[in-house]
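Engineer: The listed protein sequences derive, respectively, from chains A and B.
So for the first sequence, our numbering puts the first residue at -6; every next one is plus one.
So for the second sequence, our numbering puts the first residue at 517; every next one is plus one.
Among the hints, erroneous ones may be present.
[As the list claims (entries may be wrong)] Straight line, CA to CA, 25 Å or less: simulated PhoX-like cross-link-like pairs of lysine-lysine:
(1) B/709 <-> A/45
(2) B/667 <-> A/190
(3) B/599 <-> A/45
(4) B/669 <-> A/45
(5) B/709 <-> A/195
(6) A/45 <-> B/631
(7) A/61 <-> B/669
(8) A/194 <-> B/636
(9) B/631 <-> A/61
(10) A/45 <-> B/689
(11) A/109 <-> A/84
(12) A/58 <-> B/689
(13) A/-2 <-> B/643
(14) A/58 <-> B/599
(15) A/190 <-> B/709
(16) A/194 <-> B/709
(17) A/190 <-> B/689
These are computed hints drawn from the structure, not numbers from a lab.
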Amino acid sequence: MPKIKMPKANPSLDMTPMVDLAFLLVTFFMLTASVRVSEPVVVDTPSSTSDKILPDNVLLVSVDKFGKAFFNISNPAVRISTLERMGEQYKITFTDQEKKRFGAMTSIGVPMEKLKEYINLDDSQRQKVKSPGVPIDSLNNQLGEWIQFGRIEAAKQAKAEKDKAEGAGREFKYEPMRFAIKADGAANYIAVQDVIKIFTKKDIYRFNLITNLEQPEE
Amino acid sequence: MAEVNTGDGGGGHGKHDKKRAKKLSTRIDMTPMVDLAFLLLTFFVMTSTFNKAKTMEINFPAEPKAEDERQKVNNALTFIMSKDNSIYYYYGEFFPAANKDGKPATELTKTDFSKDGLHKLLLDRNKPTIEEINTLSEQLKKGEIADTTYKRKAIYAKGNKAALTVLIKADDKAVYKNVIDLIDELNVCQVGKYAVVDMMPAEFELVTAAGAK
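If we strip away everything but chain A, and leave its shape as in the complex, we get (with noise of 0.2 Å):
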């Protein structure tokens, strides 16, 4: 009986269609992946059915868990031009190289004196550091100065924008820097009020709540 002759298969395939598709993945993920920067405070929000999104343009106050109080500008130039003015308040001179550094970090939570230090710290090292927050008390406002400089320059920062489109004309759309607070779900309302209050010391009234969003019931 002859042997039933089994067909020889070619063992090696066609990687093709799935090389393309591995590569597209891997283009898409790295075109939408944004870097993730660490933070020096935790903070777990607390979660809402709520479903807008945070703008761009954003002046961010954290509160952790034990109610101190972090800055944070997410304009990189703006944020460079308030260190400029609180370094003029409290007689501190930045140099260049900090105040680039400073444009790249992320929230601050040391009060003004040791600001520099912080700036001058490796990235690794400053993760260690504990941050005491940066001061919210009546006689030592320093989160009401940084908000008050923040806005000013901002808007400042705005005009120019402005100018510069105007000048080169562009139509120019004009985003106003919103105001949000990111809270822990843990924290003591009274330090998260304690904040709002030096917000609305200064006539701001609308905030952005941070929030996880929570799926519904049912």
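Mind docking chain B on chain A? Use the hints.
Structural biologist: What follows is chain B alone, placed relative to chain A:
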């Protein structure tokens, strides 16, 4: 590693030693490249975060000036939050124990953040507004009114003078999460008028007494 298979296994030694172009195989070993591609893919999938932060927009009232008289609020419901996620409420105006109007003293009722507590209470209290908005959204579904009309009318219904007004107060032991939960619940229950305000000393005493029980 990645070498090109030339595949001219001793070719070109024919009879006449003709000069022939070398036959190159077009196949390249792609395995290392694929390895790398998948490695990168895995890395980016793992590290990327898609969710942008979600926010809740809210307006806070300005600090009242000293000479301002306390405003009367129609149809007001006041929530007071305290320690251990407890929440109390009272309806209408606040009357201290011995007031000159001779009204009975305000008593706090305790509730909780569960579905049968706060949610039910708000649905009950805010029934007219919710019904109005439901009729509007049904009209929207049938195409009787436009999207913008719906939005305008819904805002009007929520801001109506007869609609429920909620005052949110928290004492020094309440946590931020409770305030957010409450505001969220108000949004779900279509309460358009709410404000986070400071507590009165009399209310604070009442809450402390209720918490000590």
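Engineer: Are the hints correct? Go through all of them and say.
Structural biologist: To see whether the hints hold, each was checked on the structure:
| no. | hint | result |
| --- | --- | --- |
| 1 | B/709 <-> A/45 | holds, 19 Å |
| 2 | B/667 <-> A/190 | violated, 32 Å |
| 3 | B/599 <-> A/45 | violated, 30 Å |
| 4 | B/669 <-> A/45 | holds, 21 Å |
| 5 | B/709 <-> A/195 | holds, 23 Å |
| 6 | A/45 <-> B/631 | holds, 24 Å |
| 7 | A/61 <-> B/669 | violated, 42 Å |
| 8 | A/194 <-> B/636 | violated, 36 Å |
| 9 | B/631 <-> A/61 | violated, 33 Å |
| 10 | A/45 <-> B/689 | violated, 29 Å |
| 11 | A/109 <-> A/84 | holds, 12 Å |
| 12 | A/58 <-> B/689 | holds, 13 Å |
| 13 | A/-2 <-> B/643 | violated, 80 Å |
| 14 | A/58 <-> B/599 | holds, 15 Å |
| 15 | A/190 <-> B/709 | holds, 20 Å |
| 16 | A/194 <-> B/709 | holds, 22 Å |
| 17 | A/190 <-> B/689 | holds, 18 Å |
Comparing the model with each numbered hint stated earlier shows that hints 2, 3, 7, 8, 9, 10 and 13 do not hold.
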